[in-house]
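**Q** Here's the letter readout for the chains.
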Amino acid sequence: MSAALLIDILLWGSVLGVGLIAFRRGPPVFKASLREGSMDFINIVPRIALGVIGSGYIAAIIPQEMITGWLGPDSGWLGVATAVVAGAATPGGPVIGFSIGTVALKSGGGMPQVVAYVVAWALFAFQRVILWEIPFMPARFVWFRCAVSVPFPFVAAAIAMVIGKP
Amino acid sequence: MSERSPKIPAPAEDAESEPRPGRVRKPIGWSTIIIAVLVAVSAALVWRRDGTDGVLDILTHDLSLFSGILPRVLAGCLLGAFISEILPHEKVSRSLGPKSGLMGLLIGTAFGAILPGGPFTAYPVASALLAVGADFGATIAMVVSWTLIGYGRAVAWEIPIMGTDFTLWRIVISLPLPVLAGALGRFVYVRLYPKRASDEDAA
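Protein chains in written order, with UniProt numbering: chain V, 1 to 166; chain G, 1 to 203.
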């Protein structure tokens with residue numbers, strides 16, 4: 001897939017760029033960061049392995065139909081609230097999240113509700129939080145960030161209600 | 001900012017300073033245990049429903065996914081380590097620290113929006129920013145900006161699946177959210193941890 005290739009090029013290009021800056025600060029700085037990055041990698045791999053390999057099982061027991069059902073035709077704030085819960089509960093990666101959003105749009109879900117769903121999924125889908133964010137960041141920060149993020153799918157839905165459809 | 005911040009030595013102006021000691025990570029925390037239990041229970045349920053074949057199908061699929069992700073995780077870790085090494089502690093705490101004001105939140109937002117890659121870059125880099133003196137508010141702005149207005153996921157997944165119109169519209173709606181989330185984060189943080197916040201001001 002070309003988009004994935006592009007992302008890899010940008011990613012490794014950035015690593016090379018900052019690596020070069022570190023190298024120009026002197027080999028000790030470069031070596032220290034290289035060692036630190038590799039140690040981080042080694043420490044994180046078991047947790048990423050657990051998450052990536054395990055997430056397939058979690059996704060398999062939460063049926064997509066259940067999530068889609070929550071994004072029903074209820075068009076008010078209750079619909080927004082269920083969409084937020086559905087976003088947080090959606091297992092799997094971006095393909096599943098966005099596909100559910102598309103299905104909801106096509107089957108008559110309201111725009112603000114679908115926006116709330118996509119924003120909630122982006123902000124605190126449980127699987128990304130436990131699989132990626134907690135292994136890399138201090139747990140205290142992660143819980144704090146998730147708690148602070150809770151109002152924002154509702155804010156997004158409110159903006160969508162005010163400015164209307166694209 | 002985090003529990004480990006006191007261990008970070010005082011910021012040095014010059015780049016020739018001693019490299020920081022490695023950040024300490026607990027290899028197994030309670031969240032790892034929760035995930036392990038969740039995975040074990042889910043795998044057992046899949047086994048009961050689909051038998052051994054079902055379990056093996058998912059395992060092979062996820063193993064190939066994992067091997068594809070590994071190099072990117074390495075790139076993310078290196079990116080985070082280099083960034084935390086080359087960013088001057090002093091400047092970061094001035095422009096992204098607790099007293100950086102709206103400007104700090106805007107810088108965090110801009111940084112999250114242009115950051116390449118996926119979660120394997122965003123979280124190591126965010127963690128590095130925290131370690132070199134960014135506060136929760138600016139880091140929240142960065143993470144929220146990456147997830148809501150960053151181009152990586154939008155280009156790779158959202159536009160192909162949900163369409164360009166919806167994606168652009170959704171991004172426009174999301175534009176104010178990172179700064180608002182960062183501001184709310186700062187507002188709550190100062191009230192939740194008044195002592196820690198004043199320690200950071202003094203630092």
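Just so you know, the hints here were simulated from the structure itself, not pulled from any lab data. There's no promise every hint is true.
[Said to hold, decoys possible] Calculated from the model, a selection of chain V residues having no Cβ within reach of chain G, i.e. all distances over 12 Å:
hint	residue
1	18
2	54
3	55
4	57
5	61
6	65
7	66
8	75
9	81
10	82
11	91
12	149
13	151
[Said to hold, decoys possible] Which chain V residues face chain G? A few, computed with CB under 10 Å, are given here:
hint	residue
14	85
15	89
16	93
17	101
For each residue, glycine too, the CB sits at the ideal point set by N, CA and C.
**Q** Decide, hint by hint, whether the structure agrees.
**A** Evaluated hints:
Distance to chain G contradicts residue 18 of chain V as a non-interface residue, since its nearest Cβ pair spans about 4 Å, not more than 12 Å. Listed as a non-interface residue, residue 54 of chain V fails to keep its Cβ farther than 12 Å from every Cβ of chain G; the least gap is roughly 3 Å. For residue 55 of chain V, the shortest C-beta to C-beta distance to chain G comes to about 7 Å, within the 12 Å cut-off, and the non-interface label is violated. At roughly 4 Å, the least C-beta separation between residue 57 of chain V and chain G is not larger than 12 Å, which violates its mark as non-interface.
Distance check for residue 61 of chain V against chain G: the nearest CB is about 5 Å away, which does not clear 12 Å, and the non-interface claim fails. Under the 12 Å C-beta cut-off, the non-interface status given to residue 65 of chain V relative to chain G holds; the minimum distance is some 15 Å. Consistency note on residue 66 of chain V: stated as away from chain G, and its beta-carbon is indeed over 12 Å from all of that chain's, at 14 Å minimum. Interface exclusion of residue 75 of chain V from chain G stands, the closest Cβ pair being 17 Å apart, more than 12 Å.
Residue 81 of chain V, annotated as away from the interface, keeps every beta carbon of chain G farther than 12 Å; the closest lies near 18 Å. Every CB of chain G lies more than 12 Å from the CB of residue 82 of chain V, the least distance being 19 Å, so the non-interface label holds. Not every CB of chain G is more than 12 Å from the CB of residue 91 of chain V (nearest about 9 Å), against its label as outside the interface. The beta carbon of residue 149 of chain V sits about 6 Å from the closest Cβ of chain G, which is not more than 12 Å, so the claim that it is off the interface is violated.
In this structure residue 151 of chain V is not separated from chain G by more than 12 Å, as the shortest Cβ-Cβ distance comes to only about 7 Å. Against a cut-off of 10 Å between C-beta atoms, the interface hint on residue 85 of chain V is violated, since the closest Cβ of chain G lies about 18 Å away. Interface restraint check for residue 89 of chain V: the shortest CB-CB distance to chain G comes to about 13 Å, outside 10 Å, so the restraint is violated. Residue-level restraint check for residue 93 of chain V holds (minimum Cβ-Cβ distance to chain G is 8 Å; threshold 10 Å).
The interface hint given for residue 101 of chain V is met, as the beta carbon of that residue sits about 6 Å from the closest beta carbon of chain G, less than 10 Å.
In this structure, the hints that do not hold are numbers 1, 2, 3, 4, 5, 11, 12, 13, 14, 15, in rising order.
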